[in-house]
Amino acid sequence: MIDKTTIIVHSGNMDKLYSALIIGDGALSMGMESTLFFTFWGLERLTKGGLDKGSLSMGEMDMNMFNSRLKQANVATLEKLIQDYKELGGKIIACEMTMEIMGVKKEDLREELIDEYGAIGTYIHEARESKINLFI
Amino acid sequence: MIDKTTIIVHSGNMDKLYSALIIGDGALSMGMESTLFFTFWGLERLTKGGLDKGSLSMGEMDMNMFNSRLKQANVATLEKLIQDYKELGGKIIACEMTMEIMGVKKEDLREELIDEYGAIGTYIHEARESKINLFI
Amino acid sequence: MIDKTTIIVHSGNMDKLYSALIIGDGALSMGMESTLFFTFWGLERLTKGGLDKGSLSMGEMDMNMFNSRLKQANVATLEKLIQDYKELGGKIIACEMTMEIMGVKKEDLREELIDEYGAIGTYIHEARESKINLFI
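Protein chains in written order, with this note's numbering: chain A, 1 to 136; chain B, 1001 to 1136; chain C, 2001 to 2136.
None of these hints come from the bench; they were simulated from the model. These numbers were taken from a predicted model, which means no experiment stands behind them. Even glycine gets a Cβ: it sits at the ideal position worked out from N, Cα and C. You may find that some hints are simply not true.
Taking lysine to aspartate or glutamate and the DMTMM-like style, the derived pairs with C-alpha atoms no more than 25 angstroms apart in a straight line are [said to hold, decoys possible]:
1. C:Lys2053 with A:Glu60
2. A:Lys4 with C:Glu2129
3. A:Lys53 with B:Asp1062
4. C:Lys2105 with A:Glu129
5. C:Lys2105 with A:Glu100
6. C:Lys2091 with A:Asp3
7. A:Lys80 with C:Glu2100
8. C:Lys2048 with A:Asp62
9. C:Lys2071 with B:Glu1079
10. C:Lys2106 with A:Glu60
11. C:Lys2004 with B:Asp1003
12. A:Lys53 with C:Glu2100
13. B:Lys1091 with A:Glu60
14. A:Lys91 with A:Glu79
15. B:Lys1004 with A:Glu129
16. A:Lys71 with C:Glu2107
17. C:Lys2071 with B:Glu1107
18. B:Lys1080 with A:Glu100
19. C:Lys2071 with B:Glu1060
20. A:Lys53 with B:Glu1096
21. C:Lys2071 with C:Asp2084
Chain B regions said to be covered by chain A (calculated; three or more residues, Cβ under 8 angstroms) [said to hold, decoys possible]:
22. 1021-1035
23. 1081-1093
24. 1121-1135
Produce the entire structure from the sequences given, and follow the hints as far as they go.
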């Protein structure tokens, strides 16, 4: 077992992307390894321009208010969080099956962020040896 | 600790059922054990005819488009995935408390798929010794 | 690795709160330690009066029907479950970043339930040594 965090990012909601990236960045900062496996709606956030397009998972607050509160609280943008994630050595895997289902091509994706294109076997291989596994 | 994947299937959304079953089948194919614990809306998918009734967790695509893309991408149906899951030796537990809350009787369920009817203690017992734990 | 369950409670949906608390109470009853880390919409359920305000994560049943079925099935209220959780020695952490984003102050929260106010480092520290990790 390796000191690693592996997260399936299934959701495309902005608040859940925040949770996934904050956990990934936090794990890396504390000396753990980290893998994010983007699938389904999560993968759409890795398309060009996709990081800004997520809605919120609950209707209790609207997007404008959420964004202005993030600014007020000095929380980094998703773009900054994902750049930090890469700089800290975090790994990103794009789900090939989702690409086929959603009709997403490699050139639609921000390929500079993606370390590997993989299937379920790739995920199990990562997760099986991880101390922290989450589905978001 | 056993080389096992234990997943709580709380959601009844079709895309999340896909994730749960693909992970379960993948784990089994790679020699792991697997347990799916169906609860709340997830359990409703195990009622007769229930596997076809799930909606999508995000409104970015409608159900007809999703289904036709699954076909185009040659992705197996949920029915095929759950049959494979059983053939590969996967275990399915139905949550008894959910049955009481939702008014679901054993005869409403596809009993041939279910290995055990259990409560939270059954889940903790499985999860506590599993390498991969997820809540979907 | 410690015999502990650590759950991120991101969702504010009532049915997901039920799952989180039933798992936490179950883990404690079986001799495990348990930590619930409340963040985003989940944290709002810890504000005064917040535990009654969650909606359901799926529209297949309305709130009144859900509540009356819970009563019929003799399922404890969320209030009872969280009181049991504390009495059994469960730990609750409130996410400080969420408090800033949502504009939630300590005096808005039910402080008697909260053991610690923490950030992502606090979570990683707990999760890294836990046998069961979930994101709800």
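Hint-by-hint comparison with the structure:
1. Between Lys2053 of chain C and Glu60 of chain A, the direct Cα distance comes to roughly 11 angstroms. Compliance with the 25 angstroms bound is thereby established for this hinted pair.
2. Only pairs whose Cα atoms come within 25 angstroms are accepted, and Lys4 of chain A paired with Glu2129 of chain C is accepted, the gap being roughly 11 angstroms.
3. About 18 angstroms separates the Cα atoms of Lys53 of chain A and Asp1062 of chain B, which keeps this hinted pair within 25 angstroms; it holds.
4. For the hint pairing Lys2105 of chain C with Glu129 of chain A, the CA-to-CA distance comes to about 39 angstroms; that exceeds 25 angstroms, so the pair is violated.
5. With a C-alpha separation of about 46 angstroms, the suggested pair Lys2105 of chain C and Glu100 of chain A falls outside the 25 angstroms cut-off, and the hint is violated.
6. Distance hint between Lys2091 of chain C and Asp3 of chain A is fulfilled; the C-alpha atoms sit about 23 angstroms from each other, no more than 25 angstroms.
7. For a cut-off of 25 angstroms, the pair hint linking Lys80 of chain A to Glu2100 of chain C stands: about 19 angstroms separates their Cα positions.
8. Taking the CA atoms of Lys2048 of chain C and Asp62 of chain A, the gap is about 22 angstroms. The hint holds against a cut of 25 angstroms.
9. Simply put, Lys2071 of chain C and Glu1079 of chain B have alpha-carbon atoms about 34 angstroms apart, too far for the 25 angstroms limit, and the pair is violated.
10. Restraint check for Lys2106 of chain C and Glu60 of chain A: satisfied, since their Cα atoms lie roughly 20 angstroms apart, inside the 25 angstroms limit.
11. For a cut-off of 25 angstroms, the pair hint linking Lys2004 of chain C to Asp1003 of chain B stands: about 18 angstroms separates their Cα positions.
12. A C-alpha spacing of about 23 angstroms is found between Lys53 of chain A and Glu2100 of chain C, which places the hinted pair at or below 25 angstroms, so the restraint holds.
13. Straight-line distance between C-alpha atoms of Lys1091 of chain B and Glu60 of chain A comes to about 38 angstroms, which puts the hinted pair past the 25 angstroms bound.
14. A distance of roughly 16 angstroms separates the Cα atoms of Lys91 of chain A and Glu79 of chain A; the hinted pair therefore holds under the 25 angstroms criterion.
15. With a C-alpha separation of about 11 angstroms, the suggested pair Lys1004 of chain B and Glu129 of chain A falls inside the 25 angstroms cut-off, and the hint holds.
16. Between Lys71 of chain A and Glu2107 of chain C the alpha-carbon distance is near 23 angstroms, which keeps this suggested pair within the 25 angstroms criterion.
17. For the proposed pair Lys2071 of chain C and Glu1107 of chain B, the alpha carbon gap of about 23 angstroms is at most 25 angstroms, so the pair holds.
18. This hinted pair checks out: Lys1080 of chain B and Glu100 of chain A have alpha carbons roughly 19 angstroms apart, not beyond 25 angstroms.
19. The straight-line distance between the Cα atoms of Lys2071 of chain C and Glu1060 of chain B is roughly 36 angstroms, outside the 25 angstroms bound, and the hint therefore fails.
20. Proximity of Lys53 of chain A to Glu1096 of chain B is assessed by CA-CA distance (about 39 angstroms); at most 25 angstroms being required, the pair is judged violated.
21. At roughly 18 angstroms between alpha-carbon atoms, Lys2071 of chain C and Asp2084 of chain C fall within 25 angstroms of each other, so this suggested pair holds.
22. Against chain A, the region 1021-1035 of chain B contributes 8 residues with a C-beta closer than 8 angstroms to a partner C-beta. That satisfies the three-residue criterion, and the hint holds.
23. With 0 residues having a beta carbon nearer than 8 angstroms to a beta carbon of chain A, the region 1081-1093 of chain B misses the requirement of three or more and the stated coverage is violated.
24. Under the rule that three or more residues need a Cβ within less than 8 angstroms of chain A, the assignment of the region 1121-1135 of chain B holds, with 5 such residues.
Of the numbered hints given earlier, the model fails hints 4, 5, 9, 13, 19, 20 and 23; all others are met.
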